[in-house]
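A.B. asks: Produce the entire structure from the sequences given, and follow the hints as far as they go.
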Amino acid sequence: MAVKDIYSYTFTDALIGCEASKLMNRQDLNRVASAKSLAQAASMLQDFGYEESPELEAGDTDAFIAREQNALHEKVFGTLEHPEELDFFTLPGDFLNIKVCLKSEALGRTPDASDLVSTGSIDKNSMLAWIRERNYVFMPNAMKHAIIDATDLYSRSSDPQDIDLVVDKACYKLVSEAADETGDDIIINAVKVKIDTLNLKAFARLKRMGRPWSFFERVYLEGGNVPKDFFITNYEEPYSQIADKLVPYGLKDVMSEGGQQLKDTGSFAALERLSDDAVMEAYKKAKYETFGLSPIAAYWYAKNTEIDNLRLIFTGIVIGSDRSRVFDMLREPYV
Numbered sequence: 001m002a003v004k005d006i007y008s009y010t011f012t013d014a015l016i017g018c019e020a021s022k023l024m025n026r027q028d029l030n031r032v033a034s035a036k037s038l039a040q041a042a043s044m045l046q047d048f049g050y051e052e053s054p055e056l057e058a059g060d061t062d063a064f065i066a067r068e069q070n071a072l073h074e075k076v077f078g079t080l081e082h083p084e085e086l087d088f089f090t091l092p093g094d095f096l097n098i099k100v101c102l103k104s105e106a107l108g109r110t111p112d113a114s115d116l117v118s119t120g121s122i123d124k125n126s127m128l129a130w131i132r133e134r135n136y137v138f139m140p141n142a143m144k145h146a147i148i149d150a151t152d153l154y155s156r157s158s159d160p161q162d163i164d165l166v167v168d169k170a171c172y173k174l175v176s177e178a179a180d181e182t183g184d185d186i187i188i189n190a191v192k193v194k195i196d197t198l199n200l201k202a203f204a205r206l207k208r209m210g211r212p213w214s215f216f217e218r219v220y221l222e223g224g225n226v227p228k229d230f231f232i233t234n235y236e237e238p239y240s241q242i243a244d245k246l247v248p249y250g251l252k253d254v255m256s257e258g259g260q261q262l263k264d265t266g267s268f269a270a271l272e273r274l275s276d277d278a279v280m281e282a283y284k285k286a287k288y289e290t291f292g293l294s295p296i297a298a299y300w301y302a303k304n305t306e307i308d309n310l311r312l313i314f315t316g317i318v319i320g321s322d323r324s325r326v327f328d329m330l331r332e333p334y335v
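Under my numbering, the first residue of the sequence shown carries the number 1, and numbering increases by one thereafter.
If you're looking for bench data, these hints aren't it; they were derived computationally from the structure. Quantities reported herein were computed from a predicted structural model and do not represent experimental measurements. Please note that a few of the clues may not be correct.
Claimed, not checked - Mimicking EDC-like on lysine to aspartate or glutamate, the simulated pairs with C-alpha atoms at most 20 Å apart in a straight line are:
# : residue 1 : residue 2
1 : Lys-252   : Asp-264
2 : Lys-287   : Asp-5
3 : Lys-285   : Asp-185
4 : Lys-192   : Asp-277
5 : Lys-252   : Asp-276
C.D. replies: Below, the structure is given as structure tokens:
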């Protein structure tokens, strides 16, 4: 059961409150993106609580990102009395690893731990061994049944996409339940918005591919605010009209701007960015909360977004991208 006493989070809230004051705003990110080298960027980052970075000095951006992700995980999960309360963040990593293992098997290759991500709640080496041996003893029932159902459906269809369909539905059912279990309205709404944006992106991709609405019914994820019937009844409508109907859900801009770029250029970049920004806006409501789980969850999402923005910035510096293009690709920061 979730911890309902908001004061049980006092220590972590105090720590996170201090760390949140170091988060970078849009102007800060743009300044780092204007750096002429990774070394110069590393120097700038020290103003925002980042340590000296021999990784960036050596040009190893992946090592820097991994270090910061590990530090964030330890800072948040290592200080929470009940870290399982943030399962709605870690479950997608677990289920991604399940998909990688099952799809590797379908292709006749043996998956390796290096193929898996470390962002789940279950150690990736353990996950790899459990799936390889079909050992479900220590695995949650929902994961067990997702593996069994996905394997069974694939054996009959030979379509690897069926693995994605089964596993994703199981994943976000658990994510939604985990958010509801917190009893925190900000978290519950933010997870609903996340599921809505996943459905919007799937909707746009299938329309682009010319797939029938009946296929969208198969990929639709339950747990969001936007009902399945909304997508089905508007499947043949232009993006601009769909966007107007998304006003009550706060997702008009995601579809209007993202859909327009998709129509004009075939690029999903704006849709992806605006979807992430919509989730960020949902978590920004936690700025007005001092105690409880939502400020901690919001910081987790905010810092992960900042790290992802730094990844984009570093890539731009390395390949010499036009700085204005990098600025346009950055996700909305928390501050």
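A.B. asks: Next, verify each hint and record whether it holds.
C.D. replies: Each hint tested on the structure:
1. For the given pair, Lys-252 sits about 18 Å from Asp-264 by alpha-carbon distance, which is consistent with the 20 Å threshold.
2. Between Lys-287 and Asp-5 the alpha-carbon distance is near 19 Å, which keeps this suggested pair within the 20 Å criterion.
3. In summary, the hint linking Lys-285 to Asp-185 is supported, as the alpha carbons are separated by about 10 Å, within the 20 Å threshold.
4. Pair hint Lys-192 plus Asp-277 holds up; C-alpha atoms about 14 Å apart against a cutoff of 20 Å.
5. At most 20 Å may separate the alpha-carbon atoms for a hinted pair to count; Lys-252 and Asp-276 meet this at roughly 14 Å.
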